[in-house]
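Trainee: Sequence:
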Amino acid sequence: MARHASGENNFKVAGWVWAVLVAVVLVTALIIGWSAVSKNNQETVAAEECAEGDYELSVWAAPKAKSAAAELAKAYNDADRVVADHCVTAAVSEVADRDGLSTLDSEVPAAWVPEDAAAVLPAAKDHGVRAAGSKTPTVGDPARPVLRLEAGDRVPELGQRAASDFTSFAVEEQKLPTTEVAALTGGKGEGSKDAKSGEDEKAKGSKKDKDKAKKPALARGTDVTFLLDTSDAMGVVEGDARRLDVVRGGLHSAFQRVGENEGAVSLWNYSSQLSPGARTPYRVNVDLSARDGGAAAGAVLDQLNVGGGNHAHVSISAAHKAAVDSAAAAGAEKPAGRMVVVLAGKNQDELSVEQLKAQLAAANPQVRVDIVGIGGDVSADELTQIAEATGGKFYPARDAKAVDGVLKDIL
Numbered sequence: 001m002a003r004h005a006s007g008e009n010n011f012k013v014a015g016w017v018w019a020v021l022v023a024v025v026l027v028t029a030l031i032i033g034w035s036a037v038s039k040n041n042q043e044t045v046a047a048e049e050c051a052e053g054d055y056e057l058s059v060w061a062a063p064k065a066k067s068a069a070a071e072l073a074k075a076y077n078d079a080d081r082v083v084a085d086h087c088v089t090a091a092v093s094e095v096a097d098r099d100g101l102s103t104l105d106s107e108v109p110a111a112w113v114p115e116d117a118a119a120v121l122p123a124a125k126d127h128g129v130r131a132a133g134s135k136t137p138t139v140g141d142p143a144r145p146v147l148r149l150e151a152g153d154r155v156p157e158l159g160q161r162a163a164s165d166f167t168s169f170a171v172e173e174q175k176l177p178t179t180e181v182a183a184l185t186g187g188k189g190e191g192s193k194d195a196k197s198g199e200d201e202k203a204k205g206s207k208k209d210k211d212k213a214k215k216p217a218l219a220r221g222t223d224v225t226f227l228l229d230t231s232d233a234m235g236v237v238e239g240d241a242r243r244l245d246v247v248r249g250g251l252h253s254a255f256q257r258v259g260e261n262e263g264a265v266s267l268w269n270y271s272s273q274l275s276p277g278a279r280t281p282y283r284v285n286v287d288l289s290a291r292d293g294g295a296a297a298g299a300v301l302d303q304l305n306v307g308g309g310n311h312a313h314v315s316i317s318a319a320h321k322a323a324v325d326s327a328a329a330a331g332a333e334k335p336a337g338r339m340v341v342v343l344a345g346k347n348q349d350e351l352s353v354e355q356l357k358a359q360l361a362a363a364n365p366q367v368r369v370d371i372v373g374i375g376g377d378v379s380a381d382e383l384t385q386i387a388e389a390t391g392g393k394f395y396p397a398r399d400a401k402a403v404d405g406v407l408k409d410i411l
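full-length UniProt numbering numbers the first residue of the sequence shown as 1 and each following residue consecutively.
None of these hints come from the bench; they were simulated from the model.
One or more hints might be untrue.
With beta-carbon atoms standing in for the labels, derived distance ranges [claimed, not checked]:
1) 334 - 99: 55 to 61 Å
2) 331 - 380: 33 to 39 Å
3) 331 - 105: 26 to 32 Å
4) 79 - 24: 24 to 30 Å
5) 171 - 362: 41 to 47 Å
6) 135 - 238: 21 to 27 Å
7) 292 - 238: 27 to 33 Å
8) 329 - 19: 57 to 63 Å
9) 98 - 171: 27 to 33 Å
In the DSS-like style, the derived pairs of lysine-lysine whose C-alpha atoms are separated by at most 30 Å in a straight line are [claimed, not checked]:
10) 321 - 357
11) 135 - 125
12) 135 - 64
13) 175 - 74
14) 334 - 357
15) 393 - 346
16) 346 - 408
17) 175 - 64
18) 135 - 74
Note that the coordinates shown come from a computational prediction; the quantities given were computed from them, not determined experimentally.
Glycine included, C-beta positions come from ideal geometry on N, C-alpha and C.
From just these sequences and the hints, can you work out the full model?
Mentor: Printed below as a string of structure tokens:
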């Protein structure tokens with residue numbers, strides 16, 4: 001029998017349609033919720049990385065160099081670099097060489113790409129402004145150097161660090177060519193050794209061989225913690241350069257020797273200018289977990305600037321404790337670590353010599369501390385006592401240039 005309609009309209013929606021609608025609503029809600037959480041997480045991470053906020057790196061560029069400098073700055077800004085808990089952006093300003101020189105007494109950029117570096121650098125020196133580092137990247141065609149500038153506290157430590165990160169980015173990430181700073185003003189770069197220096201090295205050969213035989217060898221795999229004074233005492237100018245600038249070369253060589261010996265390099269500095277993010281007079285820039293041959297320590301070393309009082313004792317205590325803790329964690333199968341302190345001036349903090357000696361002597365395992373004191377304004381007797389409390393030694397250096405040789409004796 002055929003089926004007949006009931007005569008009534010049925011507007012009831014099928015159950016499967018409701019199920020689909022509910023599923024769509026739930027999926028949409030989940031997507032929106034996940035997006036909100038993800039955004040909040042990203043903002044939180046960014047806030048944590050940039051705990052100290054934003055920082056604008058001032059870069060001067062000559063008119064003919066501005067385009068190339070701006071291209072580098074754009075790449076740098078797109079990379080979202082973070083330096084000392086600050087989100088850094090590079091801002092390029094067009095400044096002619098002559099205008100820049102006339103402004104240096106009132107304003108100093110952290111980086112400068114001049115038209116004629118050979119003329120700018122000597123003139124800037126008359127204003128207390130120097131190029132930092134031994135090598136610098138170049139941009140454009142013809143190539144012009146991207147100079148990092150130092151001018152005491154007129155270029156703050158954060159500016160120094162940001163400029164160093166900027167130039168490191170140019171070389172390491174953008175693969176830009178480099179030039180030696182000394183060569184820009186007609187000086188001899190690292191690859192230019194005259195005949196006399198070669199003869200001098202040869203004449204010293206036998207003496208070095210004898211000295212080497214007297215020095216105890218650094219056990220393979222020995223980790224070394226370096227503690228560097230960056231107080232005002234290291235800003236004293238000797239000859240034509242600050243003490244800090246002079247000792248960088250010797251420290252770089254020491255880092256390299258430790259790395260080649262399969263040891264880790266830790267770098268601390270003390271008496272840097274305090275900020276909301278730096279509440280102690282010392283700073284742990286690179287710890288002993290960085291087993292990179294000293295590369296990270298070398299990069300940070302080039303960024304350091306001077307400023308502040310001398311807080312040697314509390315800094316030695318903190319750095320030594322960290323080195324001892326690392327040695328204890330490594331166990332007896334690894335060589336005991338070493339610690340090297342490079343300083344100038346007298347301690348100004350409240351930790352007494354006797355208190356520091358007691359702290360150092362009680363360490364187990366013991367980490368030897370050797371101290372290099374620059375110039376005559378150091379407390380040689382006190383520093384000797386402090387070093388000897390760990391089985392170490394105090395090494396006087398008549399000036400900053402002598403530090404390289406002293407470090408070779410120690411390591």
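Trainee: Could you run down the list of hints and mark each one as holding or not?
Mentor: Hint check:
1. 334 - 99: 55 to 61 Å: holds (57 Å)
2. 331 - 380: 33 to 39 Å: This hint holds: roughly 36 Å between Cβ atoms.
3. 331 - 105: 26 to 32 Å: violated (57 Å)
4. 79 - 24: 24 to 30 Å: Since the Cβ atoms of residue 79 and residue 24 sit about 40 Å apart, the hinted range of 24 to 30 Å is violated.
5. 171 - 362: 41 to 47 Å: 45 Å Cβ-Cβ, so the 41 to 47 Å window holds.
6. 135 - 238: 21 to 27 Å: Given range 21 to 27 Å: holds, Cβ gap about 22 Å.
7. 292 - 238: 27 to 33 Å: For residue 292 and residue 238 the Cβ distance comes to about 31 Å; the hint holds.
8. 329 - 19: 57 to 63 Å: Between residue 329 and residue 19, where Cβ atoms are some 58 Å apart, the hint holds.
9. 98 - 171: 27 to 33 Å: holds (29 Å)
10. 321 - 357: Satisfied, since the Cα-Cα distance of roughly 13 Å is no more than 30 Å.
11. 135 - 125: holds (18 Å)
12. 135 - 64: holds (22 Å)
13. 175 - 74: With Cα atoms ~15 Å apart, residue 175 and residue 74 stay inside 30 Å; holds.
14. 334 - 357: The given pair, whose Cα atoms are some 25 Å apart, holds under the 30 Å limit.
15. 393 - 346: Holds, because 17 Å separates the two Cα atoms, which is no more than 30 Å.
16. 346 - 408: Holds: residue 346 and residue 408 sit about 24 Å apart, inside 30 Å.
17. 175 - 64: holds (21 Å)
18. 135 - 74: Status holds; Cα separation ~22 Å.
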